[in-house]
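Take the sequences, apply the hints, and build the full model.
Each chain, letter by letter, is given below.
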Amino acid sequence: MSPTTVQLSRDEILRRLETGARSRRGMSAGELLARYRKGTLEDPCDVADLLALADLLRADDPLFVAA
Amino acid sequence: MPAFDAFRELVHFVLSLTIMREDGGVLLQHGPRGFDLGNIVGWFGNDRVPLTDGRWLRVLVQLYLDAVDGGKLKVETSLFQYQLDEDAECWVFRYDYLRNPADQHPASHVQIRGTLTETAVVPVRGPLSRVHFPTGRIGLEAVIRLLVEQFGVSTNEPPEVWRPVLAVTEMAFLRIARRSISGPQA
Numbered sequence: 006m007s008p009t010t011v012q013l014s015r016d017e018i019l020r021r022l023e024t025g026a027r028s029r030r031g032m033s034a035g036e037l038l039a040r041y042r043k044g045t046l047e048d049p050c051d052v053a054d055l056l057a058l059a060d061l062l063r064a065d066d067p068l069f070v071a072a
Numbered sequence: 038m039p040a041f042d043a044f045r046e047l048v049h050f051v052l053s054l055t056i057m058r059e060d061g062g063v064l065l066q067h068g069p070r071g072f073d074l075g076n077i078v079g080w081f082g083n084d085r086v087p088l089t090d091g092r093w094l095r096v097l098v099q100l101y102l103d104a105v106d107g108g109k110l111k112v113e114t115s116l117f118q119y120q121l122d123e124d125a126e127c128w129v130f131r132y133d134y135l136r137n138p139a140d141q142h143p144a145s146h147v148q149i150r151g152t153l154t155e156t157a158v159v160p161v162r163g164p165l166s167r168v169h170f171p172t173g174r175i176g177l178e179a180v181i182r183l184l185v186e187q188f189g190v191s192t193n194e195p196p197e198v199w200r201p202v203l204a205v206t207e208m209a210f211l212r213i214a215r216r217s218i219s220g221p222q223a
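Heads up: the protein sequence lines correspond to chains A and B, in order.
First residue of the first sequence? That's 6 in the numbering used here, and the numbers climb one at a time after it.
First residue of the second sequence? That's 38 in the numbering used here, and the numbers climb one at a time after it.
Fair warning: there could be bad hints in the mix.
If we take Cβ atoms under 10 Å as the criterion, some of the chain A residues that face chain B in the derived model are [unchecked claim]: (1) Thr9; (2) Gln12; (3) Arg15; (4) Glu23; (5) Gly25; (6) Arg27; (7) Arg29; (8) Met32; (9) Pro49; (10) Cys50; (11) Asp51; (12) Ala57; (13) Leu58; (14) Val70.
Listing some non-contacts, in silico: residues in chain A with all C-beta distances to chain B over 12 Å [said to hold, decoys possible]: (15) Gly31; (16) Ser33; (17) Gly35; (18) Asp54.
No lab work stands behind these hints: they were computed from the structure.
None of these values were measured; they are calculated from a predicted model.
Every residue gets a Cβ at the ideal spot worked out from N, C-alpha and C, and that includes glycine.
What follows is the structure in structure tokens.
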């Protein structure tokens, strides 16, 4: 794997999601994803980077199950 | 995955010719899901690419291999945001594309953090920055040209070098880019 490619661990993704969701939306990462999945998250494109980060997790990740 | 790497190299190349500071670059991120999906992002924190004008371009392109379409590499999301600060509180404009938008906003749109001169007009959702102006598909090349030609960001190479390159890559993008209507079908 070249140095311009990184494989993020689950812990690293969760840490970034939690930090981003709390600082930008004042909610946990789990709540942000739950609202997105229910279609009740306002302006999801404003947090498209966080949603793209969450997409790197496995589909059966407990974070999504909780959502 | 060669296709992901090639895309990352192309993004890095066009930025290097034009508006990216010498110490900038883009990364390809994968995660536990595997190598059928990846995010190309600026390699400074919060997905930032440093620009020659001392400001930042936030870059995110999410790519995936479409198993039902012969494994073609496709864009799920793209985001290009011109901003003054690291935390993106002072952003200027942002172009977004979401292949599958979750709300009523256009799949391809631009937002501008500005103020309407005509105060009698009040957008439904408040400040101008929350208005999603529909656009066609906008690639990185168009954003680079906008920054150079309209915002005066200097380039690393002269126009006779970068303009033909961007013309070729942008035309290639437009030939295959998916286009969407400006809102939900129903």
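Structure-based check of each hint:
| no. | hint | result |
| --- | --- | --- |
| 1 | Thr9 | holds, 6 Å |
| 2 | Gln12 | holds, 5 Å |
| 3 | Arg15 | holds, 5 Å |
| 4 | Glu23 | violated, 15 Å |
| 5 | Gly25 | holds, 9 Å |
| 6 | Arg27 | violated, 14 Å |
| 7 | Arg29 | holds, 9 Å |
| 8 | Met32 | violated, 16 Å |
| 9 | Pro49 | holds, 5 Å |
| 10 | Cys50 | holds, 5 Å |
| 11 | Asp51 | holds, 9 Å |
| 12 | Ala57 | holds, 5 Å |
| 13 | Leu58 | holds, 7 Å |
| 14 | Val70 | violated, 14 Å |
| 15 | Gly31 | holds, 15 Å |
| 16 | Ser33 | holds, 19 Å |
| 17 | Gly35 | holds, 17 Å |
| 18 | Asp54 | violated, 5 Å |
The structure does not agree with the numbered hints 4, 6, 8, 14 and 18 stated previously, though it agrees with the rest.
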